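S.K.: What follows is each chain in one-letter form.
Number of protein chains: 2
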Amino acid sequence: MIILSKLADYGVIVATQLAAEPERQTNAATLAEQTRLPRATVAKLLKALAHGGLVTASRGAAGGYRLARPAAAISIAEVVAAIDGAIGVTQCSIHGPDCTRTDFCSTKPHWKRINDAVGTALAGMTLAEMTPAALFAQWMKLPPKSGPKDGQGAVQ
Amino acid sequence: MIILSKLADYGVIVATQLAAEPERQTNAATLAEQTRLPRATVAKLLKALAHGGLVTASRGAAGGYRLARPAAAISIAEVVAAIDGAIGVTQCSIHGPDCTRTDFCSTKPHWKRINDAVGTALAGMTLAEMTPAALFAQWMKLPPKSGPKDGQGAVQ
DNA sequence: CTTATTGAGTACTAGAACAGTCCTAAATAC
DNA sequence: GTATTTAGGACTGTTCTAGTACTCAATAAG
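Top line first, the protein sequences correspond to chains A and B.
Residue numbers for the first sequence follow our numbering, so the first one is 2 and each next one is one higher.
Residue numbers for the second sequence follow our numbering, so the first one is 2 and each next one is one higher.
Take every hint as true, because none was put in to throw you off.
Where chains are identical, the list cannot tell them apart; a pair therefore holds if satisfied intra-copy or between any two copies.
Quick list of in silico lysine-lysine cross-link-like pairs, DSS-like style, CA-CA up to 27 Å:
no., residue 1, residue 2
1, Lys7, Lys113
2, Lys48, Lys7
3, Lys113, Lys142
Derived from the structure by calculation, the hints contain no laboratory data.
This one's a predicted model, so the numbers in the text were calculated from it and none came from an experiment.
From just these sequences and the hints, can you work out the full model?
M.R.: So, in structure tokens, the structure goes:
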């Protein structure tokens, strides 16, 4: 089973790309090239991110997108929610008490615990931590098994 | 977005039902009645659980299912994995390095952290904790806002 | 041994969700 | 005015999910 949809995954990648150079305004076509994702798909993702208030858009010639807030203030949970909707472990976690089994379902109250754990995990990581720069910093401190001598560790 | 599929959710419900009376052997039809789930679906779930080694089956007349291990030794993660397959945050978390973006994808290494958090949350809860008995015990210690005077709290 | 019961395994179908594309309108720079 | 770029839908093909049905194998009871 996969937790994130492909689009949510892509959304994080696109947002991370924006976070890599926050001062610049980048248009959808350029982001598509940078991330090697289909142009139309990237455009769709950016619309969703803009709708969620995570990026700001400028229309017209020389327009484009940039992060609405500092990358360190945008959590992965927000990015995912902007694309996939609210995060819930089960159907009943989202829809509330309209489950026909509510009355005798003993599992329901427990999902909240798991739900919170997942939410915390996604909310506890920011876009800033996803950038290559952050990855590099981490790699300097905690070199992989193969050691820092081969540059591959930083990518893999 | 919903993390668990309906079937995985149902799987936990069915397994919890088995955990409620571990000494008895119950057949698929009875479990379907107890959980109010479609009989054919319950049968399908039980097959998956049996395949995953979580329940043992006895064929033939007076056959049925029971937990293969004590409920306290079966984690929700195992139940979910038996039905939905291995848990991964993204496609690449499962498929490994065959992603075409591996070389320049800076987000990939970070998913592991989130992946582990989700896995830990699901692995940290057992079937025993999901049973009504466990719920009741918890409710005795931590009564809900409405207080223990109305018996409803234990079900909701 | 025969028969009824029950799980095992597989195949199948309808429906929903997902991923991706395309088109038209609105805004902006030159 | 014209080119560029996002906004907002609509649309489509594919994949996945949920649910059902059917046949085979195993077991208990008479």
